[in-house]
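Novice: The residues making up each chain are set out below.
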Amino acid sequence: MRSLTLEGVSFWYPATDSPALRNVSLHVARGEIVALVGALGAGASTLLLVAADLAPRVTGGRLTGSAARHDRSGIVLPTPWTQASGMAFSVWDEVAFGPANLGWPTHEIARQVDRAIEQLELAPLASRDPVTLSGGELQRVIIAAILAMDPGLVLLDEPAAELDADGARTLWRLIRLLAKEGKAVLLATSTLDALPEVADRVVWLEDGAIRAVGPPDLLADVAACDAGLGTSVATVWRTSGLPGPYPLTVAHALRRWR
Amino acid sequence: MIPVLRLDGVSFSYGSVPALADVSFAIAPGERVALLGRNGAGKSTVVRLIAGLQRPDEGTVWVGDWDTRDCAPEELARRVGSLFQHADQQLFASSVRDDVSFGPRALGVGEREVERRTDDALEDLDLTPHAAHHPYDLPPALRKLAALAGVLALEPALLVLDEPTIGLDRALRARVTRGLLERSAAGAALLVITHDLTFAAETLERGLVLDRGTLACDEPLAALLGDATRLEPLGLEPPPVAALSAALDLPGRPVRAAEAARELARVARGRPAP
Amino acid sequence: MLALALVLTLTPGAGSSPGWRPGLVVLRTALLTAAPFWVFLLVLHDVTTTVAIGLRITTMVASFVWLVAALEPARLVEAMVAAGWSASLAYLFGATLSAVPVLKARAQRIVEAQRARGLSARGGIAARLRALRALALPLVLSALHEVDERALALETRGLVPGIRRTPLAPPPDTPVERAARWALLLACLFALFRRVM
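Protein chains in written order, with this note's numbering: chain A, 63 to 320; chain B, 106 to 379; chain C, 72 to 268.
Take the hints with a grain of salt, since some may be wrong.
For the chain C half of the interface with chain A, some residues (derived, Cβ under 7 angstroms), not all of them [unchecked claim]:
#1 L142
#2 A145
#3 L147
#4 T227
#5 G229
#6 L230
#7 I234
#8 R235
#9 R236
#10 T237
#11 P241
#12 D244
#13 P246
#14 E248
#15 R252
With beta-carbon atoms standing in for the labels, derived distance ranges [as the list claims (entries may be wrong)]:
#16 S116(B) / A271(A): 51 to 57 angstroms
#17 A271(A) / G195(C): 32 to 38 angstroms
#18 A271(A) / V211(C): 34 to 40 angstroms
#19 G357(B) / G195(C): 23 to 29 angstroms
#20 S121(B) / P241(C): 27 to 33 angstroms
#21 S121(B) / V267(C): 52 to 58 angstroms
#22 A291(B) / V211(C): 35 to 41 angstroms
#23 A291(B) / E268(A): 49 to 55 angstroms
#24 E268(A) / A363(B): 21 to 27 angstroms
#25 G244(A) / V211(C): 55 to 61 angstroms
These are calculated hints, taken from the structure and not from any lab test.
All residues carry an ideal CB built from backbone N, CA and C; glycine is no exception.
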């Protein structure tokens, strides 16, 4: 069952001549985790804005092709601190801001907020004033705030950027759990080493167009390594001159080595 | 030699919330230091203290022979360049170029020197193609890079950087590494806060770890990053290259990609083909 | 004189913040804001008119300063939503009221960034003016940029027209308060009526 279908999508930001996306066709199914990788400016963030129905509706610009969303989406932007409502006395209220805007009954809001707070391990911070949080803490709060709105299509732009190792581990585990619950997840990340454990499919974007789509093994591909998109282990293997196929993770490397 | 930076029993709290407790360390000229630790461990507070934007409740922050208590931030800018946490909100000129040249101009160096420093900083971080753009027209990751260029252009004795690589792709991260290594070779000391331990391993040589406001660890970074059992209670995880070196038991346990690849090739040559 | 007395009785934090200190801050801010008006009035009019109009202006300024000091924007949003207003409109009111602290925080961030890059705001008038000029343009531009950013961010948090927001913890509204509000409104209408007749 599809959650997002993009057919031949091209997108231009306002007052620009060259498109940020070129003829992108992509579908994401419910229960699937798709990772967008590529150099900075390759179009991953734009693709997420299109998927969230924010581009061109809110950003302006021009879109050709068709984008169909079959579920309500929730997006975590790469600058989560701009997503705080500024109208909350506590972390709990901040997380509840979105669900309340959706007009849900109070008990349903409380249920979803409590769940999201537990999932992001925010309980110790629940009564803190959001303005006193550190960068990584606020990032977790915003992720919880988006998940509390129970989106069917979860869109994440660099969600682990400010997280420490524990926070990142919790996040990746949570993403797998969300997929198991039947949500579709589309995420952009430069943390390539996490993807073999997380993603079902990897989409390699280059200059606004899809260059390749495949399982995470794609990140051990010669071309991906040369484009700076190989995992650390694959890249070391390639640099050492050992023959391919390159191992994707430390565990793969260990098997190969023995 | 006088250290570029010395924290001497520094404590600080935000109202009743303690952030740092009795933190002491010193950094020598040209030294490259990582400041690691969990979210909320007090790392960003260290940056604000060194930049003179906060004063320690107890203890002293020495920048060279200056006590930050006696110096305004604009005076400290002659010795310290600081990149703050949400640096993308700290750009204020109408083009990347103007923003980068703001610092040297404010310090009052000659116009030709301003131009040279600006060109160098933009070039170091591959930002020359974006020089004429308005900072807000750039994606967040490039805005942070532009802010970093503005800090490099100060050409200070000490660079204090809070998460300089967030959202950057591998090529740009390598670019940042190269730029920082050049500055360090020219004598600048680096204190870098980062969760990106791969970047830290490639760029830095000494590791400080803050744990709930106290200094839990101060030692060579390579030894620390290779030791998973010690990293774990500090909320850290070995970067993949260090984990690979440990798993394959590569000689010297290298933590940098190029060295690991070299050792891997050397060991593989000595083994019978599989 | 009556007007000033009224302001004085009402000002001290009335309920939300106990003690005299917040009230004195409000009064000081209000008097400082009104002071230039008094000067202009004195230049243009005789003393009696100056006092009459000046007190009125002071009362108006003080009531507004009092409102801003006593009112938590987030509570206003909750109260408006509970009273049946649309969430977007309520948020617009709340955001307008919190614009001053937000702008202040933004200005502080810019000043900190500029000082950390060597710009001195100290010294003579010339240095201060230079620093002020360096702050003004980026402050306005970044605030404008933030308007776009906020629109996008609020969309992501479900703040779209056409949905009735659930009030989370609306401030209590007692029958006495409701009656007082209606009475005040009637008093205003009555005053207006007498004025016009």
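Novice: Compare the structure with each hint and give your call.
Specialist: Each hint tested on the structure:
For L142(C), the shortest C-beta to C-beta distance to chain A is roughly 13 angstroms, which exceeds 7 angstroms, and the interface hint is violated. This hint holds: A145(C) has a C-beta 4 angstroms from the nearest C-beta of chain A, less than the 7 angstroms allowed. Annotation: L147(C) was flagged as interfacial toward chain A, and the flag is violated, the nearest CB pair being 9 angstroms apart, outside 7 angstroms. Using the Cβ-Cβ criterion of 7 angstroms, the hint placing T227(C) at the interface with chain A is satisfied: the shortest such distance is roughly 5 angstroms.
For G229(C), the interface hint holds, since its Cβ comes within 7 angstroms of a Cβ in chain A; the closest pair sits about 4 angstroms apart. A least Cβ separation of about 5 angstroms between L230(C) and chain A falls short of the 7 angstroms threshold, and the interface hint therefore holds. Restraint check, I234(C) versus chain A: the minimum CB separation of about 5 angstroms is within 7 angstroms; hint holds. Contact between R235(C) and chain A, as hinted, is supported at the beta carbon level, the nearest pair being about 5 angstroms apart and thus within 7 angstroms.
Restraint check, R236(C) versus chain A: the minimum CB separation of about 5 angstroms is within 7 angstroms; hint holds. The criterion of a C-beta within 7 angstroms of any C-beta in chain A is met by T237(C), whose closest approach is roughly 5 angstroms, and the hint holds. For P241(C), the interface hint is violated, the least distance from its beta-carbon to any beta-carbon of chain A being 11 angstroms, above 7 angstroms. Given hint, D244(C) at the interface with chain A, is violated; its Cβ is 17 angstroms from that chain's nearest Cβ, farther than 7 angstroms.
The interface hint given for P246(C) is violated, since its Cβ lies 23 angstroms from the closest Cβ of chain A, which is over the 7 angstroms cut-off. Nearest Cβ of chain A to the Cβ of E248(C): about 21 angstroms, over the 7 angstroms cut. The hint is violated. About 23 angstroms separates the beta-carbon of R252(C) from the nearest beta-carbon of chain A, more than 7 angstroms, and the hint is not met. The given range of 51 to 57 angstroms is respected by S116(B) and A271(A), whose C-beta atoms sit roughly 54 angstroms from each other.
Between A271(A) and G195(C) the Cβ separation comes to about 58 angstroms, which falls outside the hinted range of 32 to 38 angstroms. Range check, A271(A) to V211(C): Cβ separation about 38 angstroms, and the 34 to 40 angstroms hint holds. Separation of G357(B) from G195(C) is about 60 angstroms and departs from the stated range, judged on CB atoms against 23 to 29 angstroms. A hinted range of 27 to 33 angstroms holds for the C-beta pair S121(B) and P241(C), which are about 30 angstroms apart.
Between S121(B) and V267(C) the Cβ separation comes to about 56 angstroms, which falls inside the hinted range of 52 to 58 angstroms. Between A291(B) and V211(C) the C-beta distance comes to about 38 angstroms, which sits within the given range of 35 to 41 angstroms. For A291(B) and E268(A), the hinted distance range of 49 to 55 angstroms is not satisfied, since their beta carbons lie about 36 angstroms from each other. A C-beta distance of roughly 25 angstroms is found between E268(A) and A363(B), which places it inside the suggested range of 21 to 27 angstroms.
Taking 55 to 61 angstroms as the suggested C-beta distance range, the pair G244(A) and V211(C) does not conform, at roughly 47 angstroms.
The structure does not agree with the numbered hints 1, 3, 11, 12, 13, 14, 15, 17, 19, 23, 25 stated previously, though it agrees with the rest.
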